[in-house]
Amino acid sequence: MTKRILTLALAVIMTAALFIGGGQSALAAETGSTGDAAGGEITVGIASDLDSSLDPHVSSSLAGTREVLFNIYEGLMKPDTQGNLIPAVAEDYTVNDTADEYTFTLREGVRFHDGSEVTVGDVVYSLTRAAGLETGEPLMATLAGVASVEATDDKTVVVTLSAPDAEFIAYMTAAIIPDGSDPADGIVGTGPFKYVSRSVQENIVIEKFDEYWGEPAKADRVVFKIIEDGQTMVMSLRSGAIDMAAHLDASQVAELSGLNVLEGSMNLVQAMYLNNARSPFDDPLVRQALCYAIDKQMVIDLAGEGHGTPLGSSMYPAFGKYFDDSLTDYYENDLDKARDLLAEAGYGPDDPLKFTIAVVSAYTPHVNTAQVIVELLRQVGVEAEIKQMENAAWYSEAYQGRDFDATITGMDASTLTASALLGRFVSDSPKNFIGFENADYDAAYAAALATTDEAEQTAKFKECETILTENAANVYIQDLADFVVTQPDVEGYAFYPLYVMDMSTVYRAG
Amino acid sequence: MRYILKKTGVLLITLLLISLLAFLAFQIVPGDPTTKLLGSEYSPERAAALREEMGLNRNVLVRYVDWLTGFVTGDLGVSYSYGMGVRQVMEGKGVVTAALSLMAWLLVIAISIPLGITLARWQGGRLDRACVAMNQVFMAIPPFFLGILFTYIFGLVLHLFVPGGFISPQSSFWGFLGYLAFPALAIAIPKAAMVTKLLRSSIINQMGENYVRTAYSRGNSRWGVIRGHVLRNAILPVVTFVAMTLADIVAGSIIVEQVFALPGLGRLLLASIGNRDYPVVQCIVVIIAFVVVFMNYLADVVTQYIDPRVRLA
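Top to bottom, those sequences are chains A and B.
Residue 67 in the numbering used here sits at position 67 of the first sequence, and the numbers go up by one each step.
Residue 234 in the numbering used here sits at position 234 of the second sequence, and the numbers go up by one each step.
The reader is advised that the hints may include incorrect statements.
[Said to hold, decoys possible] Taking lysine to aspartate or glutamate and the EDC-like style, the derived pairs with C-alpha atoms no more than 16 Å apart in a straight line are:
1. A:Lys431 <-> B:Glu41
2. A:Lys431 <-> A:Asp403
3. A:Lys431 <-> B:Glu45
4. A:Lys321 <-> A:Glu167
5. A:Lys354 <-> A:Glu383
6. A:Lys321 <-> A:Asp153
Note that these hints are calculated values from the structure, not bench results.
One chain only, chain B, in its complex shape (with noise of 0.2 Å):
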């Protein structure tokens, strides 16, 4: 119970420090939102009226504070670039993302688990010698230049799907995964890979143990000893990273919401960081920053569930 709460209080810490530094970058970056609003209409007397009517003139901490309270309270806020509510501009936006990301978290996991532990049991075979080649290339392949070959690939050559033609869920649920299903394979991919050589290698490394020529010696098949005795040891490193890689896929969506036209927060974010919209900008920060933190903290409670050594009293 008081790990819970000591876990709970840092994540609320780490989400209040990094609102508060990306509240701050944006004093040090140049421009702020009356720069996109005034563009080459700009004129020192404008930009300070306009800034006066925004409410930026005042202190940054005061307005962080301010921003703060309603963001608590839920008031997150009118974007400056689309002057609606921030709720109102990420709706839609958030439900986007998340599928992309699941989508790609469930494939990781899908493609690396069996594959890895098929690659440990077979060492050295002609299938564990190609896929470890693979494996450097694939983990080297950034997502976007992925989604580009799949766009290509899948959707001007083999017409599956329409590169540019999002679907939204509210025309077509089964059309949106669809076409989702694309960009997910393409952010899965590269993590897919780090995961297998992971499971892989760590199993390869328990297969060394004491126990493991013990529990040959009862008279088990490599198989045997894989299943009823390694995976369990070699297992939890990669469950830490697995639950890491949900965090890094979020971040890592971004670019490929670019690549396939995806109405998401990344690029809302994307677009926002250009307009300098704090307030949409600050929001969709805090998300991903959660979603970090969370799925670290959900990774520490899964590793002890499984291994109760590391169970704290």
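This is chain A alone, in the form it adopts within the complex (with noise of 0.2 Å):
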């Protein structure tokens, strides 16, 4: 019967195509060629539209939006794909023994979009504004130690900092602009590809910039395309109307034979992160217990399908000298002992540890990890119970409102720094959503920032990382794997240690 009636739904279906049809074989030549035409265009799906202000000093909460943003603007410094800094509007830096003077030498002829060549005018305003030094409002949070930038002659420029800060150097991968501009205004950057035009929704348009110093980009043109829906960048790749798309996830990647694959990392911390500052994760033992219940290793199994790298605190493994693999299995799955530690917090079988988890319902990864915890911390009598909401719902009460017993997200680093990882579990820290808090943290975090001293610096920050997890701040899962899927001709991308999208190596071969 059910054959009968598919067998019919074709039928019909085949007809109505018929008598659609009738002109759009043409259509489909015709869009089919537009990407082969334009020789070097590369299009590429984007999962979401960018933030409404392009400001590169903006800090912005969208992670999409930086890593467009990173193929247009440029700063003193920037990253390469090992997770070094190299120089790149600066053509080289010194820092004194203090750590809270940074000098910098200018690039020759390094030049914005609109011509001009990059003065130390321009980076003096660029880093003036971004610090909010006029105004006293730094619109970026990372560059609010400093204290003055200052042009000592036409090639060098001079940061001093409020407080020495081994990590700063990081930080100036802040974009330079055009002195007196406004991004408001018209996007000029020094980067390999300028700004073209963007339409809400729709895309985002960039050209490769011929003047730019470095290594040129190699495509004309990168159109970055807006497609919300999952299952339709799927369709999109599979059609060929787009040639590349990021940041899929292994059962989409599945659906799509034939295209090239590359499996990098995505960069981030997920984690349930536990709300430390309220019952019942505010007992430690209570938050052990989770970490000895849940089975990473499961986790990635199950939800990821075996994509995913373990982690065992707030850092993932391309940070390279900061990540401490020992940490990872701190806490070897045990369901006996899972069960002694609840029992010993005060839960039994008869008053079973309840509580929920909250997850952005969009988020499939995330979504299916906490599906997978929940069916894990049943195993020890633990009812957990999932709490989807959307976007917004979320970052207003979970994240910005902290009321939440415990939630399923990743954490990113917006810069290479371990900062950007551990500062914000310092007790007063305004990101420290999980309200944790700990005097030992703090001053480890304090004595990190304060040296000047690379392996004593790197030393104070692994201590972090290891009283979060012998604390047992969240339960750590994994670095999910990012999968990054073009068509067969496209060629040439490279992972970063961080959520950019470098289109400037990306070509079309043949």
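With the hints as a guide, bring the two chains together.
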């Protein structure tokens, strides 16, 4: 019966196709050719529209905006694929012994997209603006420690800090824009691509900048096409409407045969973040019990089809020296121990631990993780309930309002610094949404920032990570796998240890 | 004349109420425009400063009246999430949704009216039995699923169009219509199934009336009876329904626009709700509400035109 219905359905659909298909074949041919005709044009699918402001100094909440702007703007320094900071608009820099004075020498012949050459005036203006030296309100929180920015001659800029910060150089990726300009009036940077246009919910177009100081972009033009729906993204890749898409998950990749699939990592810390400030997770025993009960590898296998890197603290492997792999298995999966700890905390079969896990419904990997965790916790008699939320509601209630028991999300780093990941757990940080309070942590973190000795700094940051793990601040899960899929003829994409999408190396082969 | 005035008054009051409800709804849901703008950079101080700057800490009714005055005088406000005028943001989006909805609606009429009549004419025949069975299936398929099915069959297997490769009306008008044909069909099929069913049963119901027996006795064939006598009566409930379908289609295009990556009002509405971008949401809600109320009104007028019995003095 079902088969008959199916056959009928198909027959009707086919007839309908004839009905309206008349003029369509010509159209298909026409659209199919637009991609090739432009030669070096690459169309990239992105999952959300950019922020209202493309101002590089306004700290954006959307990683999706940052990853696109990475192609347009550059700072004195920029990150490379290995996680090193390399000079960009600056040619070189020196730091004094107390790590509170950074001296930059400008690179010769760096031009803005409007054709003018970058001068010390532009650099001073950009950094003064980003650090809010004139308004008293820093646009970029990372630059809050800047005391002054001065040009000592026409090639040298000195940045003085109010307190030593050995990590400061990583913040010098802050974009350099022309003196006196406001990105609201026009987007002008020094990157390998220049901004062309944006169309609400349709696309953002950038073009190769011919006078770029460094390795020129390979593609002539890149179109970022906004496709919110995950299934539509897959269809668009299969149909060839887009050349490339990043941040796909394993289930989407499974539908895409015949295309290039690159596997990297998302560079974020996915965890079940626990509200340390209130019951039941103000009790470290309960937090530790959950750590013992949740088998990370099981989560990765079931929710991510085996792709993902297990983590044990708020640090991911791409950070190299700061990453401490010994913390990954600090809590060896042990259900008996979990039950014992729960009993010690006063929970048992008669009075089970109950809590809700808030998760943004649009983020499938986090929702899947939540579902596996609920099942794993059931084994030790914990009754967790998933609360799926819309993005804005999650931000407002859970993140900003700090009204949640537990939430599954991913925390990424906007700069190549350990602080980007660890700073939020300092007791009085406005970003400390889990309400973690630990005097040892605060001391270790402050010590790490104050020292200029690299080895000591690394040791202090590792100490921070260890404190987070030992106190079971959160149930750390993994760094999610990140799949980039391209058409077979599109090559050259490289992953960064940051959430960026560098299109300058991407090209169409042949 | 009085009738039209009264209807227009009802229309305006309805729109006013809907816009007010939409405005108030945002007071209940968690989060406001600052939520998305600040995101993880949130701090209570920054949020408070931004709210002050955006005028969000004023009384909700004051803000509503503010918005309404602007709207009535043609100032649609500035979108929070795009930083440009609402009119500018919506530019071009309305055309996509209007073209899609109209095309879907015409498809509904083009499929269901002839089909409904044909089925009723040969009631109980092979085609009728097959279609009645199929009807249930098609009525039950949600448009977004048909959309996914269509992108697969027509796009990936038959290569009739490039899924995700939307063509703007500026670059090629026929290409634009061609691309829209598929989402339009996905929206139209379930509705067409409903209208067909309604028309068929409406005709069959009428066939049992006394005047039909009289018409037969005058020597009419079944087709003659349907064409000359029954159709006029049977079509009445269908007209109202078809008119209301357009309203449904406009509202239903929201999901289908996602599936086909169409830059229409529906997708904009969805994103704007997520961004808590009130000015944009308000504007789209009023447009959709207008279409719904207006089509209802139109259905009344057309019904009167066809059937003098309901014509009011």
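Broken hints, by number: The structure breaks only hint 6.
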